[in-house]
Amino acid sequence: MKADVAPAQLNEIAEKVWSMVLGLKLSPVACDPARAEARDFVLGKVTISGGWRGSVILGCTPSLARNAAAAMFGKTPAETEPDEIKDAFGELTNMVGGNFKTLLEGDCRLSVPNVMGTVPYGEVVPPPIDHLWFECAGGVVILSVLEQRE
Amino acid sequence: MNVLVVDDSAAMRKIIISALGKTELRGARTIEATNGKEGLDKFLDGNFGVILSDWNMPEMDGIEFVNRVRKVDSRVKIIMITTEGTMGKLESALDGGVDEYVVKPFTPETLDRKIKKVLGVKS
Numbered sequence: 001m002k003a004d005v006a007p008a009q010l011n012e013i014a015e016k017v018w019s020m021v022l023g024l025k026l027s028p029v030a031c032d033p034a035r036a037e038a039r040d041f042v043l044g045k046v047t048i049s050g051g052w053r054g055s056v057i058l059g060c061t062p063s064l065a066r067n068a069a070a071a072m073f074g075k076t077p078a079e080t081e082p083d084e085i086k087d088a089f090g091e092l093t094n095m096v097g098g099n100f101k102t103l104l105e106g107d108c109r110l111s112v113p114n115v116m117g118t119v120p121y122g123e124v125v126p127p128p129i130d131h132l133w134f135e136c137a138g139g140v141v142i143l144s145v146l147e148q149r150e
Numbered sequence: 001m002n003v004l005v006v007d008d009s010a011a012m013r014k015i016i017i018s019a020l021g022k023t024e025l026r027g028a029r030t031i032e033a034t035n036g037k038e039g040l041d042k043f044l045d046g047n048f049g050v051i052l053s054d055w056n057m058p059e060m061d062g063i064e065f066v067n068r069v070r071k072v073d074s075r076v077k078i079i080m081i082t083t084e085g086t087m088g089k090l091e092s093a094l095d096g097g098v099d100e101y102v103v104k105p106f107t108p109e110t111l112d113r114k115i116k117k118v119l120g121v122k123s
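Note that the protein sequences, when read in sequence, are chains A and B.
Read in the numbering used here, the first sequence has 105 at position 105, and its numbers run on one by one without any break.
Read in the numbering used here, the second sequence has 93 at position 93, and its numbers run on one by one without any break.
In case anyone wonders, no lab produced these hints; they're calculated from the structure.
SDA-like, lysine to any residue: derived pairs with alpha carbons at most 20 Å apart:
hint, chain 1, residue 1, chain 2, residue 2
1, B, K37, A, S111
2, A, K45, A, E84
3, A, K75, B, S18
4, A, K86, B, N35
5, A, K45, A, L132
6, B, K116, B, T30
7, B, K42, B, R29
8, B, K37, A, V112
9, A, K16, B, V103
10, B, K122, B, T107
Keep in mind the model is a prediction, meaning the values are calculated, not measured.
Please put together the full structure from these sequences, using the hints given.
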């Protein structure tokens, strides 16, 4: 089964999660690898199995990930610990992945989120150019859905 | 009233507890657990009126946790807070002993509406 999910639906999910959880506005932008702050990404991933198999990958520039975690924990960015950034970004990934899953047909299961930490731009899989890009509070958020094929 | 908050994400527990302060349960004592197994241990050791539980957790997921709670307590009110928005799955959760569900992300107003519903409080 193919996931017939339009980019607009993914945009809507990402924007809803960031707005409701963080109170931040995500604005879709064109992929721009030249952006200085986009050299590294904190990456989170959830895997979906069952009727549809694949994964949802959410990425975020490190300073924005720290700010997001600070907002979720009610702390200042400077007070926020690496484990808290990992936890918070995992939950954001879980929410985006879980909301994507509701668009799929058939019985699907969502894994617990896996946060891979900070990954250099050139090592992001799939490549950042294949993600949806968003601008948010001076940082960048990327999102992609990767269908697993036999 | 004691409220048990079960979620593997510390950030989410923080958000849930913060939201509780804007609901019918403001001022309630909250106890946290990081998965269903820990939640079950704390539930058996305490006296809880409401449980707010995630679905997708390691060790023991929310559905198994609810099933085990319901084997020993049919009265505690259980609200599942989950990204699981598929109607079929939510209906099976309700059949399995969940009283209400809240889909993440949520607003404090939504949580309050669900809490009032399970407690039988008129809005």
